[in-house]
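J.: Using the sequences and the hints, build the whole thing.
Residue numbers (our numbering), protein chains in the order written: chain A, 1 to 523; chain B, 1 to 523.
Since the hints were made in silico from the structure, they are not lab data.
Keep in mind that a hint or two might mislead.
Chain copies aren't distinguished; within one or between two, either way the pair holds.
As the list claims (entries may be wrong) - Mimicking EDC-like on lysine to aspartate or glutamate, the simulated pairs with C-alpha atoms at most 20 Å apart in a straight line are: (1) Lys386 with Asp352; (2) Lys255 with Glu185; (3) Lys477 with Glu277; (4) Lys477 with Asp26; (5) Lys52 with Asp26; (6) Lys401 with Glu432; (7) Lys326 with Glu18; (8) Lys446 with Asp519.
Protein chains: 2
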Amino acid sequence: MRKVDIYDSTLRDGAQAEGISFSVEDKLRITRALSDLGVRYIEAGNPASNPKDLDFFGRVRRGGKGGAVVVAFGSTRRKGATAAEDKNTAPLVKAGTDAVCIVGKCWDRQVSGILRASLEENIDMIEETVGYFASLGKEVIFDAEHFFDGCKSDTDYPMLCLRAACRAGAAVLSLCDTNGGCFPEEISGLTAKVIKNFDLPVAIHCHNDCGLAVANSIAAVAAGAAQVQGTLTGFGERCGNANLSTVIGNLELKKGISCLANGGIAGLTTACRLISEIANVNPNEREPYTGKSAFAHKGGMHVDGAFKYPGSFEHIDPELVGNRRKFIMSEVAGRSAVIAHIQKIDPSVLRDSPETERIIGKLKELEHFGYQFEAAESTFELVIRKQLGKYKPLFELVNLKIIAEQPYQEGQSASALIKIIVDGKTEITAAEGDGPVNAMDKALRKALCVFYPHLDTMHLTDYKVRVMDGNEATASKVRVLIESADGAESWTTVGVSADIIEASRLALADSIEYKLIKDGAYK
Amino acid sequence: MRKVDIYDSTLRDGAQAEGISFSVEDKLRITRALSDLGVRYIEAGNPASNPKDLDFFGRVRRGGKGGAVVVAFGSTRRKGATAAEDKNTAPLVKAGTDAVCIVGKCWDRQVSGILRASLEENIDMIEETVGYFASLGKEVIFDAEHFFDGCKSDTDYPMLCLRAACRAGAAVLSLCDTNGGCFPEEISGLTAKVIKNFDLPVAIHCHNDCGLAVANSIAAVAAGAAQVQGTLTGFGERCGNANLSTVIGNLELKKGISCLANGGIAGLTTACRLISEIANVNPNEREPYTGKSAFAHKGGMHVDGAFKYPGSFEHIDPELVGNRRKFIMSEVAGRSAVIAHIQKIDPSVLRDSPETERIIGKLKELEHFGYQFEAAESTFELVIRKQLGKYKPLFELVNLKIIAEQPYQEGQSASALIKIIVDGKTEITAAEGDGPVNAMDKALRKALCVFYPHLDTMHLTDYKVRVMDGNEATASKVRVLIESADGAESWTTVGVSADIIEASRLALADSIEYKLIKDGAYK
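T.: What follows is the structure, given as structure tokens:
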């Protein structure tokens, strides 16, 4: 079976993305996750441009690094310096990794226009820097910046750069489509040419500015590349790097090319979600293979087809990558989608039981009112419980009063006074907040924590408001979605009302009841 | 210059995406935006599966439809029915469009396993349904579902399906990679084969389950396809449809193939953001060509390179698609975009006037805070007026108190007490409403109408709330967009705050001031 090495640069190129910034602790966690997944190389930082990376490299060595090779990234020495005494190279030596990646310019007009060096000088800079690190016994990956753009402008010069790296003892030649402007046929032709002319493994490094980074990486592998560089979730400057989770899915499951050690592919979805979580960005739900929606079926025809025969509307079995099939609750979804949810709560209810009929009727009624359950399965679960007689309220709201004042003053523009009853006992309390919803949220939790102290392990992670049928303007119904998490799990609930306070209250109450039920309140 | 038709299915396939649901008003606005952009075909709904689509088709005809052809989508007749009297086909006739898209199954095992029809019956269903609509004088696009999967399982059967559609008078054959599991070389080979054997224009319809929908669409065009189907922002079931904005950028700017009427490509970024805004989803910042980060430079080396020579780290000039370069550390806003708005208010201000500098500074400050002016030009116009000294407030809000109570009682869950000053005269009044925002809206208008009676010609037509940075949960900043109209014109304003009442108040105040200024309050 053919094998291709995966080289992940989430911690270096990924960190160049707008809005992304990793702490040393974040980097250590991501390194572990990538290593567990079975990635071969982890490019973990540029110690010359980011001094705090040195701290990371020190700790990753002490902490062990699993099966993956940790790589430090840096540039060729500056013009006029020597490789051993340059501010670009010295921090890389300090990083103390077994492998380094050295980027060198290969596009003639960048050498003159940006480095302000002669073409010969640049060749010397490449050769001396690669040679220096090779002489220290390190595995040197030569990163040929703008290789493809350079070839389009002058085919010979980039090849001379590769030749210099080769002479100096590089272990891998990495061909970069730095601007992401190439098409698969260009990548394929030039990659094949390098493979034919050089006796070293070739890596491909693509960016997604034309939405072609995955296709380009696959084209290079078809032409013989031995290594694919990118980032597991596609993070990266501008439009991102080649999304390695998609590349891995395509190569392992469609092309029969092994990418990850130890059958790691079953952990692909978990690894992607973990990295998004550490980076504090919402995972792209539509991401091929690993996205939450990647195997979600909504249209009635599709849901029906996917039930009768999953291969109908799925290109792979989602479990192969650790993802799962999902039937979205919606007016276009039929009975098949609903029954799976019902049986989670009561396995004895069948497709044609009267309870199923009643629940579908309730679903339609609520959807007509403006509810949407596709992103709020926890509220749907509570609806099912109510219809099956498997629900009893865990608290009663007696009264809630909100007083808000404008002009706005931060942190105290609204206050809420709340009275609830739990098991016959009354609690009255109050809280201030940023706006009426926040004040209510705080007051309700404060009151409930008196009875359910472990509620403080739960927190809200997302809050969305959708105004429906906006032409009723400020009297329109609003739909509020609340996502909550408690470390072990995350769940989403929904509330609908013409009053945003009520819609938020309903979603919030469901979110809290779901938590209490899953923690055993009914047991 | 070679030309390829663009066929957008945001309103049909896009609406199948998890979390997306359009009102009739949303659909009309998206239709206008796509038509303005220069898209050739707009697939706008499936009237058989979604009865409220009929309302849309009725209104889109009355409202005129610009240059684009509006298409209604439906399936072949059911087994055993006649094409003229089938519940799949009748609603399509009612939709009254000049063009219809008829989907027919082309994968043998789907025909038997899901339709439970014989292969011959299915051929009849295709031929009769296409023939029926052709006989009504409609342009029929035949959508060959699972065409590529079908060919992989039995090359002949899908070709027989195309042949039947052809005989019956189809105008276009659309080849679908329904599960999104194909690679460019498969798409390319089979598309070329169909083009060789059939004398009809061929369309390509790809899904993104392997992250290859763009590459596959481009491969089909290279093989001779005359039409590309997809959705402008990539919305669609599972991993989405081919992202047409990326396809258009690649074909027009890299391959010299014209896609949009009237040089529409300069409006690409605006159209994508507008559609995301209407769908109430956050636009993907990394989207090729149109994403906010698509030309954002963060790495010091890249920023430097991009300054010295923009082509260094950009594959195209961002202005070609209406996007702009962004330096994340030292942001430089697109002056050209701003100057047009400034000159609307004061034609004497020039590109390099100090006023322009000041306005761009203010714009950046507000955007950093969370404002977005793409869909709220009226607020932006007020910002410009304030910076140019061409603004004086038309009322002063002294105080606003809101009292809300739960459990909710319709029409009276909140009351607002307001005090304003206009020209030294004070007005105090109060109103009740559905929730705090509605109560405030009513009270403010009631107070202002005392001084500006013609305000009653103005009404709010849309109200949208977007929660930003949702992981601050109920304390997150919200952006409120309000659309108003007075019969002659409609305009949109924006307000941002952590308090939804303040955000709404700001947008509402701008909306009223814009109306008063345009009616001559300053003259």
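J.: Hint by hint, which ones does the structure fall short of?
T.: As far as the earlier hints go, not one is violated by this structure.
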